[in-house]
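Line order of the protein sequences matches chains A and B. Okay, so the first sequence: first residue is 1 according to our numbering, each after it adds one. Okay, so the second sequence: first residue is 1 according to our numbering, each after it adds one.
Hints were generated in silico from the structure; no laboratory data involved. If you're wondering where the values come from, they're calculated on a predicted model, not measured in any experiment. The beta carbon of each residue, even a glycine, is placed where N, CA and C say it ideally should be. Treat each hint with caution, since some may be false.
[Said to hold, decoys possible] Cβ-to-Cβ under 10 angstroms is the rule here; a few derived chain A residues that face chain B: (1) Glu23; (2) Ala29; (3) Leu57; (4) Ile62; (5) Phe66; (6) Leu88; (7) Ile89; (8) Arg91; (9) Ser92; (10) Gly97.
[Stated by the list, open to error] Distance ranges between label pairs, derived from CB positions: (11) B:Met485 / A:Lys76: 43 to 51 angstroms; (12) A:Glu53 / B:Gly484: 28 to 36 angstroms; (13) A:Arg71 / B:Thr482: 32 to 40 angstroms.
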Amino acid sequence: MIEPADVRFDVVDGTTVAHLSGEIDLSNAALIRRSLAEFVSNTELKLVVDLCEASFLDSAAIRVLFDLSRRLAEHKQQLIVVVPTESLIRRSLEVSGLASTVLMVATLEEAAAQR
Amino acid sequence: MVDRSTAASNDSSFSSSPTRIDELLASVDQLRRLQRVTDAALANLTVDELLEELLIRVREALSADTAAILLLDRGRGELVARAAKGLEEEVEQGVRIPLGRGFAGTIAASGHPLSIYDVDHSNVLNPILKEKGIRSLCGVPLVVQGERLGVLHVGTLVPRNFSSEDEALLQLVGDRVALALHAGMYERERAVARTLQRSLLPEILPTPPGFRLAARYVPAGGGEVGGDWYDAFMLPNGSIAVGIGDVVGRGLGAASTMGKLRNALRAYALDVGSPGDVLDRMDRLLQLLDPEQMATVLYGVIDPVELTFRFASAAHIPPILRDADGSVRIRTTETDPPLGARQGGTFTETVEQLRPGTTLILCTDGLIERRRASLDDGLRRLCEASAVDVSPEKRCDLLIEELMDDHELDDDVALLVVEVAPDGGEELQTTFRADARQLLVLRRLLQRWLRERGLAPEVAYDVIAATGEAAANAIQHAYGPTGGMIHVGAEVSGDSISFTVRDLGRWRFPRDPDRGRGLAMMQALADEVRISRSETGTSVELRWRLEGNGDRAG
Numbered sequence: 001m002i003e004p005a006d007v008r009f010d011v012v013d014g015t016t017v018a019h020l021s022g023e024i025d026l027s028n029a030a031l032i033r034r035s036l037a038e039f040v041s042n043t044e045l046k047l048v049v050d051l052c053e054a055s056f057l058d059s060a061a062i063r064v065l066f067d068l069s070r071r072l073a074e075h076k077q078q079l080i081v082v083v084p085t086e087s088l089i090r091r092s093l094e095v096s097g098l099a100s101t102v103l104m105v106a107t108l109e110e111a112a113a114q115r
Numbered sequence: 001m002v003d004r005s006t007a008a009s010n011d012s013s014f015s016s017s018p019t020r021i022d023e024l025l026a027s028v029d030q031l032r033r034l035q036r037v038t039d040a041a042l043a044n045l046t047v048d049e050l051l052e053e054l055l056i057r058v059r060e061a062l063s064a065d066t067a068a069i070l071l072l073d074r075g076r077g078e079l080v081a082r083a084a085k086g087l088e089e090e091v092e093q094g095v096r097i098p099l100g101r102g103f104a105g106t107i108a109a110s111g112h113p114l115s116i117y118d119v120d121h122s123n124v125l126n127p128i129l130k131e132k133g134i135r136s137l138c139g140v141p142l143v144v145q146g147e148r149l150g151v152l153h154v155g156t157l158v159p160r161n162f163s164s165e166d167e168a169l170l171q172l173v174g175d176r177v178a179l180a181l182h183a184g185m186y187e188r189e190r191a192v193a194r195t196l197q198r199s200l201l202p203e204i205l206p207t208p209p210g211f212r213l214a215a216r217y218v219p220a221g222g223g224e225v226g227g228d229w230y231d232a233f234m235l236p237n238g239s240i241a242v243g244i245g246d247v248v249g250r251g252l253g254a255a256s257t258m259g260k261l262r263n264a265l266r267a268y269a270l271d272v273g274s275p276g277d278v279l280d281r282m283d284r285l286l287q288l289l290d291p292e293q294m295a296t297v298l299y300g301v302i303d304p305v306e307l308t309f310r311f312a313s314a315a316h317i318p319p320i321l322r323d324a325d326g327s328v329r330i331r332t333t334e335t336d337p338p339l340g341a342r343q344g345g346t347f348t349e350t351v352e353q354l355r356p357g358t359t360l361i362l363c364t365d366g367l368i369e370r371r372r373a374s375l376d377d378g379l380r381r382l383c384e385a386s387a388v389d390v391s392p393e394k395r396c397d398l399l400i401e402e403l404m405d406d407h408e409l410d411d412d413v414a415l416l417v418v419e420v421a422p423d424g425g426e427e428l429q430t431t432f433r434a435d436a437r438q439l440l441v442l443r444r445l446l447q448r449w450l451r452e453r454g455l456a457p458e459v460a461y462d463v464i465a466a467t468g469e470a471a472a473n474a475i476q477h478a479y480g481p482t483g484g485m486i487h488v489g490a491e492v493s494g495d496s497i498s499f500t501v502r503d504l505g506r507w508r509f510p511r512d513p514d515r516g517r518g519l520a521m522m523q524a525l526a527d528e529v530r531i532s533r534s535e536t537g538t539s540v541e542l543r544w545r546l547e548g549n550g551d552r553a554g
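Please put together the full structure from these sequences, using the hints given.
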């Protein structure tokens, strides 16, 4: 059975981690955008978006990450995206240019180590 | 009863003592009064106008001061004033009289006429009768086909002895009122039921990529509405939900239960997913909302990737499956009882593997039930009629035509047909509605097709992502709010694989740089992108060379 996309939040050592799972496309990107926007606070220095459980992102989903990174930058906050090295969605992030705009790491540990 | 009594009074006055001039005059007067209330012109009035006119005429004919019609509210066991003359306040104030009590309540409960010479207001519950100073009353029950609908009564301000002729005349009017009310209620009920049913059948069926759906609803002969329905909709995860059901009985009651069950199915399908659990909850809901009702329902979910059909059935007609080679089988399962038939208990889930080219046929018993034939015979006939290789739309027409031609339609019919697109080998063609929710199903279809072609997962990802971008662009830009269709075709030829995404709209070129990202991604993911725009639509062609699959990742 296929699972729809989902977003789940976690706070690890004072850093908010948004775990995105499933497939995010034009049909549900707006929903994910709203969930993320509601959760991002002003007080933190960084936001981690964990894509370890995400199996597909289209340009609508990537746009959400672009916008999020822009918004965070305006508040001197940083977006860190976690994508495993072997994940197929790396392709989308690379060809869209997101990989060269935001900090992309392979594991949650690496994201936590970022200052 | 009425005819007999009026005829009897006329007979006696004419034959036994023709010299008694008073009686003769009385008879003529009676005839004139009768004519007043049986006037054929009354037939053209609406129910409300007719009630009004009959009250005026009966008050005149009986020289009464008041006339009123009270209807029985079965649910509350009360009579409610519906129309009145000389007692208009009764209607305005919505006077309610408990069944079995007071003057009208006694008539409604006993089903017999009643006259009171001198009204004792301690026995009359209606405060308005008392305020008006009504002294004498004569009332009759309103009955149609043994069913009590209410009471008609007249009253006078001076004491009056209502004769048996008066009572008979009042009963004649009462019968006329009852018939009009009954016809009005029946017609209204049918209209409501028809509207309800129409509003509850899906206006448009989903057109998920790789599937074709068609459905029909045929009302029973005579236009009476039953409790049959079908439904098909997309679940958020891209699965296709299909349901069909049959509420026992007919008319507004059945249609209203059908509406509740249909909405419950949609709600639970979104919430729960598992067909057995959905039926279980519908069962409990039905017992709570309409404990008297029963319904057979089949609900299932088609997984567009695995091509599985997972379903549960509450005593519904089993699914019929027709495979690409023309073989037809009945998918019998363990029999669970209908909804509303037992307290608790689970519904067995069955998983059926579909294949490319498989057609799933769901129907209600009206399609196959015949008076002098068993259900098995009907199913056999359905299987025989399903063997032909036709489109789902044509199949619906054919099945209805072949199975119902020789027989009067005494039950309504719901029919739902789902076809898994046949495996086109090296070619893939699909047309679906320009709706973002279809993107997931499109990816599933492409995944399956690419897997069958043996493409490396890395190439498959690029193909799916780029084709998805082209489709998403068409969904966003080709059509206005009314939407349209999108066609995706794929082909393997020689050393390359190509995908065409076509729409019939005006592709507004994305001006927003973010929106242009989809186009840039297509160009980065595919070896070749060709976009051709014309007055009739836009076509995006994406091509990949198949050599050197291995070194494309990263």
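Exercise for review: Just pull the numbers of the violated hints for me, sorted ascending.
Suggested key: none
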